[in-house]
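Student: Protein sequence lines, in the order shown, are assigned to chains L and B. My numbering applies: residue 1 is where the first sequence begins, and numbers increase by one. My numbering applies: residue 1 is where the second sequence begins, and numbers increase by one.
Don't take each hint at face value.
Listed next, the stretches of chain L that the computed footprint assigns to chain B, with coverage defined by at least 3 CB atoms under 8 Å from CB atoms of chain B [unchecked claim]:
no., segment
1, 73-86
2, 113-123
3, 232-244
Worth flagging that the hints you see were computed from the coordinates, not collected in a lab. Ideal Cβ positions, reconstructed from N, Cα and C, are used throughout, including at glycine.
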Amino acid sequence: MIPHYRTRITNGLSFVLVALSMCLPARSQERSVGKLLDALWAELQPASTSQVNTAKLQTEEALRSLNVALATQALGVILSPELQLERLGSELGKVQPDVPALRSIERALRRLLPGKLQPATDQLRQRVASLARLLSLTPAGVERARQAITTIRAHSQNELWRQTRDGERQLRQAFADLQAYHPSIRDIEAIRSRLSIANYSSLIKREFLETVAQREFEIPVHFHDCQDGTAIAATGQVRVALCLELPVSSGESQLLFHVTGSGPIHVSADRQRIHVGAQVQPDVHGLQRLHLWPEKIAGDSPAVDARLSTRLTQIDIDGLLGRLKVTEKLASRIFRRRLDAAEGPLADQIERTARERVEEASYDIAYRINGLIKQGVWDRIRSLDFKPEVHLQNDAAGIRTATQVVGENQLGALSPQPTIPLSEYHELDLISWIHESAVNNIFDSLSEFRLDEATMRGLLETELKLTCDDWHNRPPARIPAVITMADESPLQLRFVTTGVEVRLRAKACEVDGRVVDAVVREFTLSYRLESDAQGTLFTRQAIAFPHELSAAQIAIWTETLDLYFGQTMRPAPKFRNSSFPDFLRLGYVSFSEGWLVVGASRGVSTSSPLAPLPEEIAP
Amino acid sequence: MTTWLYRSTQRVCALLTMTMIVLVNGYTATAQQTRAQQTRAQQTHPPGNSSLEARFAPMELLLCFQGKGSCLPYDAGVLHEAYARIPAMQHGHTIVAGNSSGSIPAAYFGCFGISDATVRQAEQELKYGNRDAVRNMENVGNKISKLSRGQRTEIPHTDLREYVAFALGVKQWQDAQTIDEIVRRSSAKPSFPCLIVACNKEVLEDRHPESTSSAGRLKEIDLKNMQVSWKPEVYEYYRTHPDRFAHDHPELILGPDPRIGRAVTFFVDQSMYDLLSQIPADERTADLRLMTDAADVALAILSSASEPTYFEPMVDPHPERVLVGERHNVLEMVRHRIYYGGYIISMPAQDVRRMLPGIRVLGTGWRHNPLMARSFLKNWLLADCEEIAFRSEWWCDLEVNPDAEFESHIEFRDLSGEQEFEFGVRRARELLDRDEGLPAFVKLPYFHQPAAAAIAPLTAMQDMFTPDVDGGDQTLKTLRGLGPLLQPAADAR
Numbered sequence: 001m002i003p004h005y006r007t008r009i010t011n012g013l014s015f016v017l018v019a020l021s022m023c024l025p026a027r028s029q030e031r032s033v034g035k036l037l038d039a040l041w042a043e044l045q046p047a048s049t050s051q052v053n054t055a056k057l058q059t060e061e062a063l064r065s066l067n068v069a070l071a072t073q074a075l076g077v078i079l080s081p082e083l084q085l086e087r088l089g090s091e092l093g094k095v096q097p098d099v100p101a102l103r104s105i106e107r108a109l110r111r112l113l114p115g116k117l118q119p120a121t122d123q124l125r126q127r128v129a130s131l132a133r134l135l136s137l138t139p140a141g142v143e144r145a146r147q148a149i150t151t152i153r154a155h156s157q158n159e160l161w162r163q164t165r166d167g168e169r170q171l172r173q174a175f176a177d178l179q180a181y182h183p184s185i186r187d188i189e190a191i192r193s194r195l196s197i198a199n200y201s202s203l204i205k206r207e208f209l210e211t212v213a214q215r216e217f218e219i220p221v222h223f224h225d226c227q228d229g230t231a232i233a234a235t236g237q238v239r240v241a242l243c244l245e246l247p248v249s250s251g252e253s254q255l256l257f258h259v260t261g262s263g264p265i266h267v268s269a270d271r272q273r274i275h276v277g278a279q280v281q282p283d284v285h286g287l288q289r290l291h292l293w294p295e296k297i298a299g300d301s302p303a304v305d306a307r308l309s310t311r312l313t314q315i316d317i318d319g320l321l322g323r324l325k326v327t328e329k330l331a332s333r334i335f336r337r338r339l340d341a342a343e344g345p346l347a348d349q350i351e352r353t354a355r356e357r358v359e360e361a362s363y364d365i366a367y368r369i370n371g372l373i374k375q376g377v378w379d380r381i382r383s384l385d386f387k388p389e390v391h392l393q394n395d396a397a398g399i400r401t402a403t404q405v406v407g408e409n410q411l412g413a414l415s416p417q418p419t420i421p422l423s424e425y426h427e428l429d430l431i432s433w434i435h436e437s438a439v440n441n442i443f444d445s446l447s448e449f450r451l452d453e454a455t456m457r458g459l460l461e462t463e464l465k466l467t468c469d470d471w472h473n474r475p476p477a478r479i480p481a482v483i484t485m486a487d488e489s490p491l492q493l494r495f496v497t498t499g500v501e502v503r504l505r506a507k508a509c510e511v512d513g514r515v516v517d518a519v520v521r522e523f524t525l526s527y528r529l530e531s532d533a534q535g536t537l538f539t540r541q542a543i544a545f546p547h548e549l550s551a552a553q554i555a556i557w558t559e560t561l562d563l564y565f566g567q568t569m570r571p572a573p574k575f576r577n578s579s580f581p582d583f584l585r586l587g588y589v590s591f592s593e594g595w596l597v598v599g600a601s602r603g604v605s606t607s608s609p610l611a612p613l614p615e616e617i618a619p
Numbered sequence: 001m002t003t004w005l006y007r008s009t010q011r012v013c014a015l016l017t018m019t020m021i022v023l024v025n026g027y028t029a030t031a032q033q034t035r036a037q038q039t040r041a042q043q044t045h046p047p048g049n050s051s052l053e054a055r056f057a058p059m060e061l062l063l064c065f066q067g068k069g070s071c072l073p074y075d076a077g078v079l080h081e082a083y084a085r086i087p088a089m090q091h092g093h094t095i096v097a098g099n100s101s102g103s104i105p106a107a108y109f110g111c112f113g114i115s116d117a118t119v120r121q122a123e124q125e126l127k128y129g130n131r132d133a134v135r136n137m138e139n140v141g142n143k144i145s146k147l148s149r150g151q152r153t154e155i156p157h158t159d160l161r162e163y164v165a166f167a168l169g170v171k172q173w174q175d176a177q178t179i180d181e182i183v184r185r186s187s188a189k190p191s192f193p194c195l196i197v198a199c200n201k202e203v204l205e206d207r208h209p210e211s212t213s214s215a216g217r218l219k220e221i222d223l224k225n226m227q228v229s230w231k232p233e234v235y236e237y238y239r240t241h242p243d244r245f246a247h248d249h250p251e252l253i254l255g256p257d258p259r260i261g262r263a264v265t266f267f268v269d270q271s272m273y274d275l276l277s278q279i280p281a282d283e284r285t286a287d288l289r290l291m292t293d294a295a296d297v298a299l300a301i302l303s304s305a306s307e308p309t310y311f312e313p314m315v316d317p318h319p320e321r322v323l324v325g326e327r328h329n330v331l332e333m334v335r336h337r338i339y340y341g342g343y344i345i346s347m348p349a350q351d352v353r354r355m356l357p358g359i360r361v362l363g364t365g366w367r368h369n370p371l372m373a374r375s376f377l378k379n380w381l382l383a384d385c386e387e388i389a390f391r392s393e394w395w396c397d398l399e400v401n402p403d404a405e406f407e408s409h410i411e412f413r414d415l416s417g418e419q420e421f422e423f424g425v426r427r428a429r430e431l432l433d434r435d436e437g438l439p440a441f442v443k444l445p446y447f448h449q450p451a452a453a454a455i456a457p458l459t460a461m462q463d464m465f466t467p468d469v470d471g472g473d474q475t476l477k478t479l480r481g482l483g484p485l486l487q488p489a490a491d492a493r
C-alpha cells in the first residue's frame, strides 16, 4: 500500500511540476513583454528641440559621407536620385523636416548595395529613421505610441490576437506603429524577439547528409627516389574515403570530415645487378573541420597523416652470387634500410596529395550543403533587398536553420511551428517550416512591381516546380500579360488548415499589350490542398472579386488571374532514365495555423513530384 | 673640331633616325588605313542588287540551329525529320543560322551545303560526338559549388576539337592538340549562305566592379536595334572624369555621343554580308563579321559557343573585318572585339526576313533560361534574354521546342545521344505533322516591315504580310507554320 501510495503522490507531484513548467515560460514571457512595454511607456515623451537638432546634424554628416563616397564612382550619378539624396538635403535644410518625406526617403535607402557603399548607406538610413522618429514624437505621436503599446499588451496577454480574424493584423500594425514612433530601437527589437519566433526554419537530416557526403577517390602514386645509389620507384593508388560527422554546435554548423585511406603500392629498388620488389601498405588517417555559415564557409587545411608499412616481396640478384642465401639476406637487409629511408618522402607525397584532394572534396560537399540553405532561400531573399537573420546549428537530428525574415517594423511567426506525425517525420530527409509572415514580409516590398506572366510562369515552373495543365493548352505566341502591384500590401498569403489564400492588390492590368484596367483592385484566391492519383495538387476553390467590378471586368480579370494562378496547380512531373540514381521527391505537405510544412525524401518513383532542389544533392 | 664634327654627325644621325621613324610610322599608318579602307570598300560596296536577287530570290527557308547547351543530338533529330519533309532544304533554297552549340551544324552546312550526304554526316557526328566535357561542366551542382567558391567553371576551347573538326571537314583531328592545328588541316570555306550569332562582351559587360552577381547599371540597351549606350547621366559623368573612364573601362573608348556599340555580331559568309549590309546601320540588329576561310569559321563557332561560364570569351584577331556602319570602324569604339556566346538572340531572323520577306523561318527549338540564370546574365551582361527572345521568336514560323518530358531529362542530363536524337525526331514529326509549333510568348519587334532594299521572292506569296488594318506600314506576317514548304511524312505519302 505504502509504495503504491507513494507512487501516486510522486505521480501527482510530477504532474503538477510538469504543468507548472509548461505554464512558467508563458508567464515569464508575459511578464517580460509587460515589463518591456512598461519601460517603453515610461520613456515616452515629446522629443526636445536639442534632440532633434542633434539628430539632424548627425543625418547631415551621414549624408555628406555618402555623397562623398558616391562622387568617386559613375554609379553614384544613378544611385543619388534613386536614394533621394537631393530630396533629403532639401528636407534637412528646413527648420522642421517633413516626417512622411523622411519616411519615404528611409524606405528608398533600404537597399543592398554591393561593396563599400553599403556601410555608408546603412548609416544614413539609420540616421534618417532616427530623425523621423524624433520628429514624430510630438504629443500626438506619443499618444499614438501609447495606443500601440496598449494594443500590444492586450494582444500579448492571453494571446488575444488568436481570437479574432483581424487580431494578428492589429498586433502587427501596432508593432509597426511602435517602431515608427518610439526612439528605443533596442527595446523594440527585444519586444519582437519576445512576441515572435523565426518564421522560416529548415532541417537537413543527419543520415541524409552522411550519405550524401560519402566520397571516395583514388590518389595515384608515382614516386622516384635515389638512396645511396639505389633507384627506388613506387607506383600504385591509394583509395581515400571521406566520412562526415556533424558535431553538435550552435551559431554555426560544423562539418567534421574523417579521412581514411589505404591501397597497395608496388615498389621496386634497383642497384646494378640487384632488383628488389616490395609492397607498401599505406594507412591514411585525417581530419578536416569546416565551419558553415549561410554567407561563407571557412576552415583550416586538413590534417592528414600517412603511415607506411613495407614488406619485401622479391629479391633478384644476377650472377652466381645471387643464388647464395647469404647474399640474399645481406641484400635484403641493405635494401630494407634503403626502402625505410624512402618511406618518409613517399608518405609526404601521399599526404600532400591527399590533403589537396580532401580539401577540394570537403569544400565541395560543404558548398553543396550550403547551397541547400543559401541558394534555396538566402540568395532569393537577398535579391529582394532583404537582410534576414539566419542562425545555423547542428543538433542530434541534423543541420537546422532558423531565419527571422523581418524588416525593422515587422514581426516574425506568432505561433509555434507545427509538429510532423512521427511516422512521416522519419521518412523525410529535408524539412522546411515556412510561416506566412516570412513570405508576406518580403511581399510588402513588391510595391508597384510589374509582374509579367512569363516571369510568373518561370518562377512557378522552374523555381517552385509547380505547373498547371491549362497553361500548356492555351494559344501560343501571346504577348505576356502584365499585372502592376498596388503601392501598399500588394500580395499576401494566408496559410489555413485546408490550403492557402492569395490576396492580390493590383493597380493595373495589361492584356495583349493594352492596359485593360488601371484602378486599385483587391482579389482573394482560395486554394485547397488535395491529392489525386498523380499526387499532391492545389485546386482553386474561388476568387473573391471586388464588388464594384462589372461582369465584363470580372471576365477579363478571371482570364488574367488564370494566367498567373492556375485553376489547378501541381508539382511538375519528372522523367528519368532508369539508370538515374535516387533523387529527392516531395514527401509531405501540410498547412497549419499560418505555417506551411514541406518535406522531401529520397525516392525512386518516376511519377512522383519532386522537391525543387534535387540536382545539387542527388546522392 | 673633332668634337664639333662628332656632335654634328650625331645631330644628323638623330635627325635622320627621327625622319626615318616618322616616315616608317607614316607609311605604316597610311598602309594600315589604306588596307582598312580597301577592306571596308570591298565589304560595303557589294555587287549590284541584281546579283543579290539572283542569289537570294529563290531562297525559301531560314533554318536556325538554336543552341541548347549540349543537346546537339536533339537538333540532329530535328534536322533528320525536317530534311525529309522540306524540299527547300533538298534543293539548296535554305539559309542556315546558328547560335551557341547550334553554330556547329550552321558552320558545317555553311561550308559544305545541305545535301543527302552532308545531312547524313551531320546526323552521325552530332548524335555520336563526345560531349562529356561540356556535360560535366553543365552540371548545375558543380557549377554552383565552383561559382560559390570563386572558382572558374570554364573548360578549354580544345574540348570542342571534335566538333570544330567536323564543321571544317577535317577527318584526322584526334592527334591535333589545338584548334589552330585543325584549322591548318582544313580547306573549308564558307560558300553557302550562313549566319552565326555571337554577343559582344566588351559592349554588353555591365557588372558591378565589387560584386560578381550585381549589375553595374551604367549602360542601357535599345531592343529596337540592339544598340548599347551609356545612360545619359553616366555619359556626362565620364565626359568630365576621363581618368575614371579609362580606369573603369579599359576595353572601351568614350565616343562623341553615348553610343558604345551593338550588342551582337553576326558572323556571315560573303553573300549574307552583301545581303545584310543593305539594311541601314540604324536598323540592323548586329555588326557583321565576314567569314572568308576556315580560321574565320572556327572563330565563329568558338565565339558563339563561348557562353558565360562555359568557355573563356574569344578575342577577334581581325576586328577590321567587322562592319559596324559605313561611317564607323569598330576600333573607333572599342579597343578589342571580344565575343561571349550566342545565347543573346534565340532566333536571328529579323534582319534576314526583312531582306527576304518571302522566306519562312524554322527553329530547332529553344530552352529558356531559368529565372536565376536570366537574372545572372542580365546583371552581368546587361541584356534581359527573355525580352530579346520575345522579340526574336516573333519571327519564327515553326520552332521545334522540346516538350516537358525532354526538358525534364535535360535538367538531369540522363539521356544518351541516340535517345536525344529520337526525342528530336519525335518532336519534329509531331509538330511538322500539325504544322504548328510556336513559343509561348512573343512581342512585336520595332522593325517588323521589309527593309527598303528587300528582295522579293521568285514566286508570289499569299501570306507574306498581315492584313493591313490601320493603313500603316506593311507588317510582315510571321508565326505561320511552314505551309507550302512542307510535304507529308514518307509514311503518309
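Student: None of the hints should be skipped; say for each whether it holds.
Tutor: Results of checking the hints against the structure:
{"no.": "1", "hint": "73-86", "in the structure": "holds (count 6)"}
{"no.": "2", "hint": "113-123", "in the structure": "holds (count 3)"}
{"no.": "3", "hint": "232-244", "in the structure": "violated (count 0)"}
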